[in-house]
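Visitor: So the chains spell out like this:
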Amino acid sequence: MNILVCISHVPDTTAKINFTADGSALDPAGVQFVINPYDEFGLTKALHIKEAQGATITVLNVGGPETEPTLRKALAIGADQAVRINATPTDAITVAKSIKNHIQANAYDLIICGQESIDYNGQQVPAMLAALLDVPMVNACVGLTIDGSTATAKAEIDGGHATYTANLPMVIGGKKGLVEEKDLRIPNMRGIMTARTKPLSVEEGLSGSNTAAKAFRKPAAKSAVKMVAPDQVNELVRLLHEESKSI
Amino acid sequence: MILVFVESWNNQFKKASFEAVSYARKWADMAGCSVKAVVSSGASNPESLAQYGADSIATLDLAATGPGMAGQLSTMMDGVQGVVVAGTAVGKTLAPTLAALIDGALSTNTTSTPSSVGPVVVERGAFSSKGIETIALSEGMPIVSFVPNAIGIEEKAGAGAIESGSASGTDKVAVSEVSVASGKVALPEAEVVVSAGRGLKGPENWGMIEELAEVLGAATACSKPVSDIGWRPHSEHVGQTGIQVNPNLYIAIGISGAIQHLAGVSASKTIVAINTDPEAPFFKAADYGIVGDAFDVVPRLIEELRAFKAAN
Ligand SMILES: Cc1cc2nc3c(=O)[nH]c(=O)nc-3n(C[C@H](O)[C@H](O)[C@H](O)COP(=O)(O)OP(=O)(O)OC[C@H]3O[C@@H](n4cnc5c(N)ncnc54)[C@H](O)[C@@H]3O)c2cc1C
Ligand SMILES: Nc1ncnc2c1ncn2[C@@H]1O[C@H](COP(=O)(O)O)[C@@H](O)[C@H]1O
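Protein sequences appear in the order of chains A and B.
If you're matching positions, the first sequence starts at 1 in our numbering and goes up one per residue.
If you're matching positions, the second sequence starts at 248 in our numbering and goes up one per residue.
Where hints are given, some of them may not hold.
[To be verified] Label-pair restraints from in silico Cβ distances:
1. A:Ala-224 to B:Phe-542: 25 to 33 Å
2. B:Ser-413 to A:Met-227: 28 to 36 Å
3. B:Ser-429 to A:Thr-145: 46 to 54 Å
4. B:Asp-350 to A:His-48: 32 to 40 Å
Hints were generated in silico from the structure; no laboratory data involved.
Where a beta carbon is used, it is the ideal one built from N, C-alpha and C, also for glycine.
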């Protein structure tokens, strides 16, 4: 089985976000980049499938050379090979088209994405990719079993869960639940050493974009908190009703 | 015209669906065009959408999944200038599928109505609410998926003509089981969210959290460690790596206020933090705070709210 895990390269969850002075882009100064947390669950799921039934795992990122350490980290965690599609990921549809071209030239049985990237919070690439490939997709996927060429996927829907079956190849938008937090792996020394010699190939991607980011800004700062004494909860109820009009 | 997808569940419209029609009406008024709502043929009271500005209401046998429905909508693009979808679980797969099928320009996580329409420019949350992006939908059909609760519902009469539509839809997945807790408020759409963290000490103490949620008609949520240890289901985990919420009121009980937690909740209009530690970072992100023991404050809050509800 051939599994593709799509990985986005995003600011660490603890990063304080700043934008360039003209507001045109993220200011990367002092920001550490990591594997998108949703994709870590997907990568670990791929490793579980490999260990249970055998598979080749390819990790892929659409981005510039600066994302290669992130791909190497995925190799150190256990992926077999990596592909960087050289393109600036300007918008999801162009990213999805580039990934689609790669998939059409290389047969994959299962394409695992994360539900969303924590940078631009698009939640777009997996569904777009499935539509471009004309294959099934399950988003917010919190459980997956593969039996031959059939997948059973459990997904979060509003207020509950649904279970779907589909034929491979398919696209997953995964999240925690696909595997558990405790299953996530950190690269060990041996993994880091072998990752250096695993193949990381570079292919050219598409440019262009259907959307244009015009400006970024930070949300307005909150005004100071109003403290209420613990024995005056009635005062909190009054404020919520009269001042903030929340109740 | 602006096409708006109107979701229903068990034949009832969702709250976010009325908001979607209001969104489409505002956009259509700017563009000087009409609003066409697409609804499931089973949905009761399709004419009620006229109240929020629908000029025509096409009823249709809809596919079961977002991608299937997107396939249907993609065949209905004649005369359409823009598409509105609420960012529900269904909307989150429908909108990007549609965008790919028609090579459109999509903004997800949208928090504003258009500030201009040639091209459409909107604001959206990025970097888990740590940033706001202004985005132009410059090439192809503009498609907007908005965050439920971000826009609000507004009444404005539309012509409301009912048409029966047809477009065949195929789902590429088979639905084998659906389980949705009845009578519970779904987290992404909730106007009030009561959320608790590790300060609650154990799952057996969630009774008062559920009681508070019930008094407020709220959804319940939790911090990440609470769902990691299994005190609460994953589906309640809010934050940067969980569900991002946008309610009118977010009450955080026994949650420290780590940056990853705040990233998913800071878009809430009003935040209340209850914590024993006066230095808890949540107080910096909150509008109202109580330094106190949850086991003492929450029961009192329930009592006061009951009294308030009885009097109002
Ligand atoms: C990659 C990554 C992603 C993450 N994503 C998320 C995310 O999406 N969401 C998320 O929530 N976290 C996330 N975290 C975890 C986050 O960093 C914090 O660890 C977590 O939010 C802390 O949860 P907590 O506030 O419930 O627990 P704690 O930090 O243990 O805080 C408990 C709080 O309860 C207070 N308390 C104790 N007893 C009482 C009492 N009797 N009454 C009132 N207050 C009391 C304490 O003063 C304390 O402030 C992430 C972390 C990482 C590394
Ligand atoms: N530039 C990219 N390169 C590779 N995969 C990506 C990229 N952007 C998004 N993805 C994949 O699509 C998922 C959802 O991302 P997004 O649509 O950006 O929220 C991510 O979790 C990745 O699996």
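Visitor: Does each hint fit the structure? Answer for all of them.
Guide: Evaluation of the provided hints:
no. : hint                               : in the structure
1   : A:Ala-224 to B:Phe-542: 25 to 33 Å : 27 Å, holds
2   : B:Ser-413 to A:Met-227: 28 to 36 Å : 60 Å, violated
3   : B:Ser-429 to A:Thr-145: 46 to 54 Å : 28 Å, violated
4   : B:Asp-350 to A:His-48: 32 to 40 Å  : 36 Å, holds
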